Structure formats: structure tokens, C-alpha cells
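> The lines below spell out each chain.
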Amino acid sequence: MILIPVFLSIILVYTVFAVYAERKISGFIQDRYGPMEVGPYGILQTIADLIKLLIKEDIVPKSADRKLFIAAPAIVFSAIFAGYAVLPFAPGLEASRASVGVFYLLAIISLDVIGLLMAGWGSNNKFSLYGAIRAVAQMISYEVPLSLSVLAVVMTCQSLDLQEISYQQSLWIKDFSKISDNNYLFGIQSSDINITEVGGFLTWNIFRNPILMVSFVVFFIASLAECNRAPFDIPEAESELVAGFHTEYTGFRFAILFLGEYAIMLLVSFLASILFLGSWNSPFPNIGFLRLADWTNGYPGTISGIAWGAFWLISKAFSLIGLQMVIRWTYPRLRVDQLMFLCWKVLTPLALVVILISGFWRLMMN
Amino acid sequence: MMTKSHIHKGAKSTYWGSISEGITSLLAGLLLTFKHLFQALRYKREPVGVENKDYFSFDKGIVTLQYPHEAIPVPDNGRYRLHNEIDDCIVCDLCAKICPVNCIEIDAIKSTEEIGKTSDGSTKRIYAGTFDIDMAKCCYCGLCTTVCPTECLTMTKTYDYSEFDVRNMVYHFTNLTPDQAEEKKKLYEEKQKEKSKPKSQETTKPSGTEDAKAEEKANIPKPAFKPVIKPPASTPESREDTNLKPEEMSGTIKSGETKPEEKKAAKPVFKPVIKAPTLNPKPEEESNVKPENKPATSESGEIKPEEKKALRPVFKPVIKPSVPKVSQSEEASNEQDRKQDATDEKKGSTDEPKSGEVKKPAKPIFKPVIKPKPKQEGEQGDQ
Numbered sequence: 000m001i002l003i004p005v006f007l008s009i010i011l012v013y014t015v016f017a018v019y020a021e022r023k024i025s026g027f028i029q030d031r032y033g034p035m036e037v038g039p040y041g042i043l044q045t046i047a048d049l050i051k052l053l054i055k056e057d058i059v060p061k062s063a064d065r066k067l068f069i070a071a072p073a074i075v076f077s078a079i080f081a082g083y084a085v086l087p088f089a090p091g092l093e094a095s096r097a098s099v100g101v102f103y104l105l106a107i108i109s110l111d112v113i114g115l116l117m118a119g120w121g122s123n124n125k126f127s128l129y130g131a132i133r134a135v136a137q138m139i140s141y142e143v144p145l146s147l148s149v150l151a152v153v154m155t156c157q158s159l160d161l162q163e164i165s166y167q168q169s170l171w172i173k174d175f176s177k178i179s180d181n182n183y184l185f186g187i188q189s190s191d192i193n194i195t196e197v198g199g200f201l202t203w204n205i206f207r208n209p210i211l212m213v214s215f216v217v218f219f220i221a222s223l224a225e226c227n228r229a230p231f232d233i234p235e236a237e238s239e240l241v242a243g244f245h246t247e248y249t250g251f252r253f254a255i256l257f258l259g260e261y262a263i264m265l266l267v268s269f270l271a272s273i274l275f276l277g278s279w280n281s282p283f284p285n286i287g288f289l290r291l292a293d294w295t296n297g298y299p300g301t302i303s304g305i306a307w308g309a310f311w312l313i314s315k316a317f318s319l320i321g322l323q324m325v326i327r328w329t330y331p332r333l334r335v336d337q338l339m340f341l342c343w344k345v346l347t348p349l350a351l352v353v354i355l356i357s358g359f360w361r362l363m364m365n
Numbered sequence: 000m001m002t003k004s005h006i007h008k009g010a011k012s013t014y015w016g017s018i019s020e021g022i023t024s025l026l027a028g029l030l031l032t033f034k035h036l037f038q039a040l041r042y043k044r045e046p047v048g049v050e051n052k053d054y055f056s057f058d059k060g061i062v063t064l065q066y067p068h069e070a071i072p073v074p075d076n077g078r079y080r081l082h083n084e085i086d087d088c089i090v091c092d093l094c095a096k097i098c099p100v101n102c103i104e105i106d107a108i109k110s111t112e113e114i115g116k117t118s119d120g121s122t123k124r125i126y127a128g129t130f131d132i133d134m135a136k137c138c139y140c141g142l143c144t145t146v147c148p149t150e151c152l153t154m155t156k157t158y159d160y161s162e163f164d165v166r167n168m169v170y171h172f173t174n175l176t177p178d179q180a181e182e183k184k185k186l187y188e189e190k191q192k193e194k195s196k197p198k199s200q201e202t203t204k205p206s207g208t209e210d211a212k213a214e215e216k217a218n219i220p221k222p223a224f225k226p227v228i229k230p231p232a233s234t235p236e237s238r239e240d241t242n243l244k245p246e247e248m249s250g251t252i253k254s255g256e257t258k259p260e261e262k263k264a265a266k267p268v269f270k271p272v273i274k275a276p277t278l279n280p281k282p283e284e285e286s287n288v289k290p291e292n293k294p295a296t297s298e299s300g301e302i303k304p305e306e307k308k309a310l311r312p313v314f315k316p317v318i319k320p321s322v323p324k325v326s327q328s329e330e331a332s333n334e335q336d337r338k339q340d341a342t343d344e345k346k347g348s349t350d351e352p353k354s355g356e357v358k359k360p361a362k363p364i365f366k367p368v369i370k371p372k373p374k375q376e377g378e379q380g381d382q
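Residue numbers (numbering that gives the first Met the number 0), protein chains in the order written: chain A, 0 to 365; chain B, 0 to 382.
Hint data in this document are derived by calculation from the structure and do not stem from the laboratory.
Model, not experiment: these values are computed from the prediction.
Beta carbons are placed, not taken as given, at the ideal position from N, Cα and C, and that holds for glycine.
Among the hints, erroneous ones may be present.
Reference listing, derived: stretches of chain B covered by chain A, where coverage requires no fewer than 3 residues with Cβ under 8 Å from a Cβ of chain A [as the list claims (entries may be wrong)]: (1) 19–33; (2) 36–49; (3) 62–76.
Derived pair list, reagent style EDC-like, types lysine to aspartate or glutamate, alpha-carbon separation capped at 20 Å [to be verified]: (4) B/K43 / A/E36; (5) B/K43 / A/E196; (6) A/K344 / B/D178; (7) B/K59 / A/E36; (8) B/K109 / B/D86; (9) B/K34 / A/D30.
Beyond 12 Å from chain B on every Cβ pair, some chain A residues (computed) [to be verified]: (10) G26; (11) I28; (12) M35; (13) T195; (14) F200; (15) T295; (16) A309; (17) M324; (18) W328.
Please take these sequences and the hints and turn them into a complete structure.
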């Protein structure tokens with residue numbers, strides 16, 4: 000229960016500064032400054048924007064379907080926020096250690112689609128409806144490669160429990176994992192190179208099962224589409240659809256939709272970190288007497304364990320968000336047909352092949 | 000690189016070709032944006048002018064200049080806001096004559112003796128009763144500065160001086176208050192009289208001044224602007240001081256500092272000019288002065304038509320929508336009435352500036368309310 004306010008405040012603070020970071024990054028990429036006037040280096044710009052947003056008039060269009068229109072932002076945000084329930088925030092610290100965590104998470108963020116469709120349909124606006132239809136088509140399509148890439152991880156770890164997946168990538172695999180006891184280099188047991196005590200990035204899932212690197216790329220691309228972020232932002236393509244499904248939203252409702260978008264960015268980044276990038280574990284391995292992994296990790300359940308765990312998980316998630324932002328300001332938007340081509344003809348077959356290979360790889364692991 | 004990507008023209012050839020081309024081009028794109036991202040963190044364009052030899056060497060990093068805080072320096076021969084160093088001005092009127100857009104207005108008051116010397120040694124014999132430059136009209140040709148014999152009129156480097164009210168673009172450079180100008184003028188006229196007549200009028204001075212005042216107003220068309228000048232005349236010195244600052248600071252202009260000062264200096268100078276002095280002093284003067292002075296070129300005459308022009312177009316459209324309700328014949332008569340009203344107003348206001356001006360704001364407000372009703376009421380309301 001204590002994690003609800005923690006995650007909520009993390010999302011709120013993160014959203015404020017993610018918007019700022021996004022504007023700064025886009026500015027730097029385009030050789031300009033970005034916000035500079037409000038506060039030192041414009042750091043308070045988003046807070047000013049937020050205050051402006053909250054004091055705006057709440058307008059519900061006359062011809063809108065009032066119930067759907069009002070309910071949509073709440074559904075979008077709550078569906079995404081519900082996904083945070085199963086995230087292991089640190090060793091021994093999670094809102095719910097559901098043994099079907101990954102499954103639950105993918106299922107619950109799919110509800111997001113219903114919210115978006117309600118928003119687009121309820122607005123009674125052509126732009127909104129187009130945006131919603133595109134969003135639904137895109138998100139449902141990209142859930143296939145997303146789920147398949149996650150499935151490869153689940154096969155490797157033999158668990159749907161996100162905390163279990165995290166423990167398998169940690170130094171304490173012996174004590175806490177219910178499934179595995181040891182980590183071998185690249186997961187090959189026959190190589191007899193036991194790296195359980197080495198830890199660091201070598202025990203991340205993408206190294207325990209190197210084919211998961213491909214899976215990670217698939218997951219990352221699909222998650223961009225899932226977040227409706229550029230280059231997959233055709234649901235809210237500014238140049239075509241004004242703002243897509245949230246064209247008609249103002250003030251607080253718009254803020255909630257916006258919050259939902261940034262929350263799902265954070266959520267998929269957390270998920271990618273947990274599934275592929277070693278969760279809350281430090282990236283530094285123990286090298287001889289340099290016990291980097293020991294120094295930068297805490298024993299599960301202790302305060303240092305929680306602090307280090309939260310630090311590493313948030314750092315990894317934020318790095319991925321930074322990458323998402325750079326990608327947004329680098330690539331042009333895909334056409335609808337290119338979008339579907341990428342999803343069904345490239346990513347889905349690739350994810351299927353990865354599943355096949357990681358199945359064989361699993362046989363080589365213990 | 001180029002040839003390779005031409006061979007694998009993926010998007011047009013094969014499935015694998017398009018995928019590999021996609022991957023390579025995506026990576027190239029990411030590299031490019033990352034390069035710019037990191038360059039932007041390290042390098043930044045300096046605010047130097049084109050005359051600097053480093054000007055073309057800033058080819059990476061942030062290109063934005065944060066204008067109010069930093070600006071590219073103005074070249075030495077840049078032509079921006081005019082400034083007249085009134086102490087060096089001999090009021091020769093050359094600048095006003097050569098100005099292609101007539102933006103300089105000078106009211107020269109001859110002096111009886113030498114007033115002083117300019118800094119280059121020229122003798123000053125004429126007071127500038129008015130030295131107004133309307134920077135809204137100025138075309139920045141710089142002709143006035145080239146003809147100026149004492150080089151008191153210069154183009155400064157201040158270019159950021161926009162105003163919300165175009166009337167504030169008129170800069171007053173005289174160092175005489177209207178009272179002083181009046182005094183000098185009287186003095187000169189008296190001297191002229193003395194020259195033409197033997198000295199006999201010395202005793203009648205006190206009564207003579209009032210007559211002179213009245214005469215001036217009746218004869219000279221220009222004094223119309225006199226009340227306009229009053230408040231600003233006391234401040235030009237302070238404004239010049241603030242104006243000088245941005246010029247003196249070469250290189251980056253910290254106009255964040257200078258701007259507010261300029262505005263503070265400018266606003267109080269001009270605001271009272273139009274609102275308070277024209278409206279308030281007038282009734283007093285006019286009640287004192289004989290009625291013959293009023294027509295056409297009276298003090299209020301020049302300013303008021305402007306105000307009227309501003310008012311008219313605003314209110315006319317308000318009235319029209321109500322017209323369709325009335326029948327056509329009524330409409331026609333209404334229109335006539337309206338025209339009459341309009342002309343009446345014009346006459347009234349020009350003839351009796353005081354009453355016309357007081358009524359004006361009230362009338363348009365009532366019109367739209369009353370018009371839809373029977374037209375007699377409307378007429379009553381108008382008159």
C-alpha cells in the first residue's frame with residue numbers, strides 16, 4: 000500500500016521534469032536552448048505550465064458523449080497506474096508480488112486502449128475519432144510483438160513474477176530465486192564459468208540469454224508504439240490530426256491524459272529495465288578485489304538494498320526514457336502502412352524467431 | 000557508404016534490403032542527433048557582429064542568442080533611433096527641411112542676443128521651442144544627420160524602442176518648458192516692437208502681456224500644440240540620460256537593465272501629454288480667452304479630429320445590425336438622421352470643443368440601445 004503514494008509522486012515529479020527534459024533535449028538536438036526564462040535554465044517552466052493548465056476552464060463539448068468524455072481520462076490513467084502495482088521497486092519492495100505479474104501488467108495496460116477509444120469517440124470530433132482509431136489499431140497490433148518479446152524473457156526466467164525475474168539477475172540468486180541457483184556466463188552451463196558472485200551487467204537477462212538483446216530491441220520499438228511516441232505518434236500526429244484523441248480536452252482532463260502518456264512511458268521503461276537490463280541490480284560487476292557489485296548493491300530487505308535498488312531501477316528507466324526522447328526528435332513519423340509493415344512483417348516474425356532460439360538457449364541453461 | 004546504400008536500395012528492392020537500409024539509416028540519424036546534443040552542451044555561439052573575424056568560425060553548438068539578455072552588437076554606422084543633443088543644436092532647421100518623410104518638427108524662437116556656444120564653437124541664436132522627432136514616421140535614411148552642421152543630430156544604436164501607443168514614438172528634445180518658450184517668444188516680440196517704435200510701452204507691460212497672449216493665439220497657427228508640449232518639456236534631460244546608456248555600452252547590450260528604465264522614462268513623459276493636459280487645461284484657458292480664438296485652429300482643434308476618427312468606425316457597425324428591424328422608409332430616414340447627427344456632432348465638436356468632447360463618449364453608448372425602438376426616441380436620445 001505504501002507504494003501507491005510513492006509511485007504516484009514519482010510519476011508526478013517525473014512527468015514535470017520529463018516534459019522539461021524533453022524540451023531541453025529537443026532544443027539541444029536542434030542547436031537551441033529550450034526553455035530558459037522561468038527559473039534557472041527554465042527549470043520551473045513545466046511547473047508554470049502545469050499551474051496554467053490546472054486553472055484553465057474545464058470544457059466539455061456540447062455534442063460530446065458526456066459520460067464517455069469525462070470517464071476516458073480516468074480510465075486511461077488508472078489503467079496505466081494499475082500496471083505499477085506489480086513493479087518490483089527494489090529488492091523486497093513491491094506493491095504486489097503477484098505470481099502472474101507480467102501477464103497482469105500486459106493485460107491491464109491494454110485497458111488503456113478502451114480509454115483512448117472512449118476519448119476519441121466521446122469527443123464527437125473527426126480528428127479525435129481518427130486519432131482514437133489509429134491509436135487502437137496501433138496499440139493492438141504492437142501488443143503482439145511486445146508480448147512475444149516479453150514471452151522470450153519469461154521462457155528464459157521460467158517465471159511471470161517480476162520480482163523473481165529480478166532476483167534471478169541479482170547476486171542473491173541462490174537465496175531468493177525459487178527457480179535458479181547459479182548464473183553462468185551467457186547462461187551456458189556447460190561452459191562452467193559461474194558468474195553468480197560476479198554479478199553486474201553480466202547477469203542481466205540480455206547477457207544470461209544473449210538472444211534477448213534482439214528481444215529487447217523488439218520490445219523497445221514496440222513499447223514506443225505502445226506509448227504513442229514518435230516515430231509511432233500517428234494517433235496524435237500534430238500535422239494531420241491536431242492532437243488526435245485528446246483534441247477536445249482542456250485543463251485538468253487534458254493534464255490527466257498527458258500524465259497517462261508520460262506514465263506509460265515510465266512504465267514500459269521500468270518494465271524493459273526489469274525484464275532485460277537487470278532490474279534493480281547494479282551494472283558494475285565484481286572484478287577480483289574490486290567488489291563493485293557488492294559496493295553498489297544492498298542486501299534485499301535492508302535500507303541500503305532498497306535505496307540502491309530504487310536508484311538503479313530509476314536510473315535505468317530514465318536512461319531509456321532519454322533514449323525515447325532522442326529517438327522522438329530524430330525520426331520522422333511512420334505512415335500507417337509502414338507502421339503495420341514494421342509490426343506484422345518485421346517485428347512479429349523476429350520476435351517469433353527469438354522465442355524459438357531462446358527456447359533452445361533455455362535448454363543450455365541450468 | 001553512399002555507393003553501398005545505393006546498391007542496397009532497400010525500400011525499392013527486397014525485404015531484407017529495406018530492413019538493413021532502415022537499420023543503417025536509423026543509426027546514422029541517431030548518431031547525428033547525439034552529435035548535436037553533445038555539441039549543444041559544450042559549444043555556444045557568441046554574440047559577436049559580422050565584423051568580428053571569428054564570426055564564421057562558430058559552426059557548431061547552440062546558435063540561439065537570448066535576445067533581451069544578449070544581442071549582436073550594432074555596427075558603428077548602424078542607423079537606428081535618432082537623438083538630438085539639444086545643447087549643441089543651433090536650430091538651423093536643415094534636418095527638418097531635408098527629411099523625406101517630415102518626421103522632424105521644429106518651432107524656432109529667435110532670440111534677441113546670442114544664447115551661447117555649441118561644443119564645436121558655433122553660436123546659438125535660436126531657441127528650439129519645439130524639437131519633436133516622430134520616430135514612427137522616420138525612414139532611417141540618415142539624411143538629417145549628414146546635413147546637421149553641428150553634428151548634434153545622430154543615429155544611435157538603440158533599436159528596441161517599440162511602444163504600445165504610436166503617439167509615444169514622438170520624441171521631444173527641446174530643453175525649454177512651454178512657459179519658458181512662451182516667455183522667450185514674448186521677449187523677442189517686444190524687442191521687435193521696441194525696434195519699430197520708440198521706447199514708450201514699458202509701463203504697459205503687465206496689461207500688454209495678456210493682449211499679446213490673445214494675439215498670439217489668434218495669429219499663429221502653430222501654438223495649437225503648446226499644451227501638448229507642457230509636461231514632456233521638463234523631462235527630456237532625464238530621458239536623454241537613460242537613452243545614452245545603451246549606446247555607451249558597446250558589445251552585448253544588457254537591455255534587461257536599460258529597457259525598464261527607458262520605458263519608465265518614456266511613459267510618464269508622454270501619457271500625461273495627451274490625456275490630462277489637453278482635456279483639463281483647455282476649459283480653463285478657453286473660458287478665459289475670448290471666443291474668437293476657438294474656431295478651427297484652436298488648441299483643441301488639431302487633436303480632437305483624430306480622436307473622433309478613432310471613435311467613429313468603432314461605433315458605426317454597432318448600429319447597423321439593428322437597422323433591418325425597421326422598415327425601409329424608416330431606415331432611410333434613420334440613415335439621414337444619423338448622417339445629420341454625425342455632421343451635427345462634427346460641427347458641434349469643432350465649434351464647441353468643450354461640450355463636444357464631454358458628450359462624445361456618452362453618445363455612442365446610448366445609440367445602440369435606443370435605435371431598435373421607434374425612431375423618435377432615437378432622435379431624442381441623440382440630441
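> Of the hints stated earlier, which fail here?
5, 6, 7, 10, 11, 12, 17, 18
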